[in-house]
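**Q** As they're listed, the protein sequences go chains A and B. Under my numbering, the residue at position 433 of the first sequence is numbered 433, and the numbers go up by one with no gaps. Under my numbering, the residue at position 9 of the second sequence is numbered 9, and the numbers go up by one with no gaps.
Keep in mind the hints are simulated off the structure, nothing from the lab. Model, not experiment: these values are computed from the prediction. Don't be surprised by glycine CBs; every beta carbon is placed ideally from N, CA and C. Certain hints may be false.
[Unchecked claim] No more than 20 Å apart at the CA atoms, straight line, and that leaves these computed lysine to aspartate or glutamate pairs for EDC-like:
#1 A/K255 to A/D106
#2 A/K107 to B/D28
#3 A/K148 to A/D585
#4 A/K107 to B/E24
#5 A/K107 to B/E19
#6 A/K107 to B/E33
#7 A/K107 to A/E299
#8 A/K107 to B/E45
[What the hints assert, rightly or not] Quick look at which bits of chain B chain A covers, simulated, 3 or more residues with Cβ under 8 Å:
#9 45 to 58
#10 76 to 89
#11 95 to 109
#12 140 to 152
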Amino acid sequence: MPESLIGRAVRRKEGYEKVTGRARYVDDLVFPGLLHGTTVRSPAARGRIRGIRFGERVTWSEFVIVGAADIPGDNVVALIGDDQPMLARDNVNHVEEPVLLLAHPDKYRLEQARRAVEVDIESMPAIFSLDDSLAGREIVWGEDNVLKSFLLDKGNVDQAWAEAEILVEGEYSTGAQEQLYIEPQGMIAVANPQDGVTVWGSMQCPYYVHKALRRLFGLPDDKVRVVQAETGGGFGGKEEYPSLIAGHAALLAWKSGRPVKMIYDRAEDLAATTKRHPSRTRHRTGVARDGRLVAMDIEFVLDGGAYMTLSPVVLSRGTIHAAGPYHCPNVRIRSRAVATNTPPYGAFRGFGAPQSIFALERHMDKVARAAGLSPEELRRRNFLRPGQTTATGQVIREQLDLGALLDKGLLLSDYHAKRERFAAENPHRRNKKGIGFASFMHGAGFTGSGEAYLNSVVGVEATAEGAVRILAASAEMGQGARTVLCQIAADALGLPYEAVDMAPPDTALVPNSGPTVASRTAMVVGKLVESAALGLKQTLLDNGLVGESCSLEDFQRACAEHSRRFGPLRSYSRYQPPPGIQWDDVHYRGDAYGAYAWAVHVAEVTVDMTTCETRVDDFVAVQEVGRVLNPVLAAGQIEGGVAQAIGYALYEHVVWKNGRMENAQMTNYIIPTSADVPPIRVYFEEQPYAYGPAGAKGIGELPMDGAAPAILNAIENATGRSFTRVPLLPEAVMETC
Amino acid sequence: MPGQATVSFTVNGSGRTVEVWPMERLLDVLRNELGLPGAKEGCGEGECGACSILINGQVVNSCLMPALEADGATITTIEGLAADGRLDPVQEAFLHHGAAQCGICTPGMILAAVDLLARAPSPSDQEIQEGLAGNLCRCTGYIRIFDAVRGAYRRFP
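Next up, chain A with everything else stripped away, as it sits in the complex (with noise of 0.2 Å):
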C-alpha cells in the first residue's frame, strides 16, 4: 500500500492552471457572435412601476430588450419561498431590484443605453431598519414583516431566574459585510427552445441555478445544463445570487438566439446582490454563585431585506450557535429574520453565527466581570463536556475537552503573561495594548434533517485505463475542495494522488452532490466520496480482478478487464445520516448537527489613542476539526477566514443611505490588504470524527466566527472600554475618548 495520502500537503489540483494565468474563469470565456447583457434596475426602494421610458437618442432596434412579460416559465427565483421575482413586475421592493434587461454586441453602446432607459416608479414609504420593521411602521413583506421565526426552548428559564445570583443584560449588533470575493459574478447563456438553456458561470451551487432555470423556462432537467467555471472566490456570495444573473443572462440569449456574457462590474456587485445580515442580539444571563450559568435568555434579530432568500436557514444557524458552546439547563433563544426595503441579504461564511458568536462572546467578558471570575475563568467553568447537551439538547458523545483547547490557545498566546504586562505598562502609555478571546463552535453540514433532504448523490468512475474520475457538483472555489476530495478517493482506492480528478462540474456530466455551503463538502461530500471509492473497489475485488492491496499497473489492468467484461466501472454513493441523529423540526431539538468543530481564538491589539485606530498585533486560532486532511489547505482556509474576521471587526462597513450601499467601490469600502494583517498562527488538534471521511469534520466556516468578539475583547482590555457593535471604526472609538 503507498502511504497514505490523509493529512499529506499534496498540491493543489488546479495550482498549476493558477499560477500560470491558464486557469478560465467566466470572464475568461470566448464565444463567438456574443452579446453583452446588462440590467436596468430600480432607482426606488419601493413603489409601484408606472412605466419605462427609453431614450430618444439611442437606436433601440439594435438591442435585445427583456421584461418581465418575456419570460417563458414562473417569474421567480427558486429558492426557498418564491417571493423574489427575476424580473420586477409591477412592484419594486428594494434599491437595485432587476426591472428590464438589456444585450447588444457592444459593451460601451450597452451601457449608454442602460443609463437612457428610465424606470418610472410611483414612490412608496419605505422601512430601512430592524425597528422600523419589527415595529411594523410599514407591512413591506407577508402580513407583519417576519420573514421567519424561531422559538428554542430547553429547560425552563422562567423558574430558573431564582436559582440565579447575578443577572447580566447586554445588547449587541453587527453591520452588513461585503463577501468581495475579487472575481465580481458573471454568466454566459446560449438558450433556444430546441436545446434549452445552457449556463456557464462563477458560483458555488451548480443544481441551486439548475433549479432556478428550469423554473424560469418550464424546462425539463435535462433540458438545463450548468457549467461551473473557475470561480474567484465566493463565501456565500455565489451561493443563491448566480440563480439571478444566470437567468437574466438565459432570458436575454434565449430572445436574441446569440450566446450573452453578462458580467458584473464591482459597483454593481457591491449594490445590488448580497451582504451578510445584520443583527441585533439581546442577552440576559442568570449566574449562580459559582459561577455557573443557570439561565440564558436571548432575542437574536436579522435584518433580511426585502426577499426571503435564504434567510430562514441563516436565522436558523445564528439562532443553534447563539448560546455558544457552553452547558446552561436553561436556554431560550427567540429569533426572529424581518424584512426591509435593502436589497436581499444572503449567504456569507459562517451564516447566522458569526452575528450570534459576536454578541455572546463579547456578552460572556461582561458576565465574568459582573461575577468577578476572568474570562478565562467563568468559561473554565460552564465549557461543554461529554454527556452534557447543547441549547438543542444535543448531547456531547465525542471526547471534547475545550479547557483544554482554551489551555492551548492561552499558553500560545502568552495571554497570562501579557495580560500582567499590559496592565503595567497602558497606564504609562499613549497606545494601548490588550489581549482578548473568544470560544466557540461550528457545526458542520446543513441543519437538522436538513442533510438527508438535500439526499446527497456522489460518484466515483474509472475509465478502462484506470483513470479515476469524481462526479460530484461539489464547486471549487479556492477552498482546495477538488484536491481534498482527490486525496480521499485515493487514499480510499490505495491509489496515488495523481491518479484521480474530479470530473468537470457539468450538471449533465454529474449527480447532485449538494451545494458548496455550509461547511459541508470535506465532511459530507468527502463522506459520500470515500463509500463511493471503497465501492468501486469492491467491485473489483468482488469480480477477482485485485486483491486488497493494488499498485497503480494492477489497478489500472483490473479496470480494462473490467470494461472488456462487464462495461463501465462506476460507482454512486447516497448520503446516509450517520446512526443515532434525531432532529425535531417543530420544537427545534436534536442533533442539529452531525459534528462541531470547537475553537479557541486569541486577538492581541494596540489601541492608538491618537487616532483611534486598532492594529491587530497577533493572532492564535486553536481548533479541533476532527482530522487535518491538508495541513496547507486547511490553514489557509483558517488564516483566510480569521483575515475575513479581522475586516468584518474593523474595517468593513457598508454605508447605507435610504437603502442603498453608498460605498459601491473598493475605493472605499475597506478590506485588510497585507499590511495590515497580524501573523496569523493556526494550530490543529486532531480528533478523528467516526463519520467524517478519514475522521476529517467541517472548517470552512469555523474561522470567520471568533476574531471579532476575541478583537474587541482584547480592546476592552487595552482601553477599559466596552463596545458592542461591529465594524467597530475609529470614529466610534473616538466619541468615548
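Position chain B relative to chain A; hints supplied.
**A** Structure of chain B alone, referenced to chain A:
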C-alpha cells in the same frame, strides 16, 4: 469621435502592433485583442491589483493605463513569466506554499512579488507586507503569500 491609433509594444517577448481607441484600457487590449486573459478585472479602479502586469519591469495596474501609453514598452503578463515552460521561482513557491487559493488575484500577486523581489532581493517581512499592499486577496489572509515570497528569494521553495 477621434479615430483609432496604432500602438506597438513587446508583450511576453513578441512584438505586437494593435489599433486602439484613445482611452482604451491596456487591460482590455491584452484580454480582448491579444488573447491574454491572465490579467483580471477585479475593480476597474486600481484598488485590487488583479490586473497587475509588468511594464518595463515595473508593476502597473493595467485597468488604469490607456493602451496608448504603452507604446514602445516591454510588457510581461502572467502568461509570459514562465520561460520555456520553466516556472519562475515565485510561481514555484506559490504552488509549494499554497499561496494560490481561488487564483483570481494570483497572476497580479505573483507579478507584484516579482517586482518586489527585483527591487529588494531579500525583503524584510515588513517590506513584503508593504510591497504587496496594492494587491488584494480575499482567500488567504496573505500568510501563505508571505511564505511564498520568502521561499522564492531563498530559492528553496
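**Q** It remains to establish, for every hint, whether it holds in the given structure.
**A** Results of checking the hints against the structure:
With a C-alpha separation of about 18 Å, the suggested pairing of A/K255 with A/D106 holds against the 20 Å cut-off. A distance of roughly 12 Å separates the Cα atoms of A/K107 and B/D28; the hinted pair therefore holds under the 20 Å criterion. For the given pair, A/K148 sits about 14 Å from A/D585 by alpha-carbon distance, which is consistent with the 20 Å threshold. Distance hint between A/K107 and B/E24 is fulfilled; the C-alpha atoms sit about 13 Å from each other, no more than 20 Å.
At most 20 Å may separate the alpha-carbon atoms for a hinted pair to count; A/K107 and B/E19 meet this at roughly 18 Å. For the suggested pair A/K107 and B/E33, the alpha carbons sit about 15 Å apart, so the restraint of at most 20 Å is met. Note on A/K107 and A/E299: the hinted pairing is violated, with a Cα-Cα distance of about 49 Å set against a maximum of 20 Å. Taking the CA atoms of A/K107 and B/E45, the gap is near 18 Å; set against the 20 Å cutoff, the hint holds.
A count of 4 residues in the region 45 to 58 of chain B with a Cβ less than 8 Å from any Cβ of chain A is obtained; the coverage claim is therefore met, three being the minimum. Given a C-beta distance limit of less than 8 Å, the hint that chain A covers the region 76 to 89 of chain B holds, as 6 residues qualify and 3 suffice. Only when three residues or more bring their CB closer than 8 Å to a CB of chain A does the claim for the region 95 to 109 of chain B stand; here the count is 12, and the claim holds. Counting residues of the region 140 to 152 of chain B whose CB lies closer than 8 Å to any CB of chain A gives 7, so the stated coverage by that chain holds, three being the minimum.
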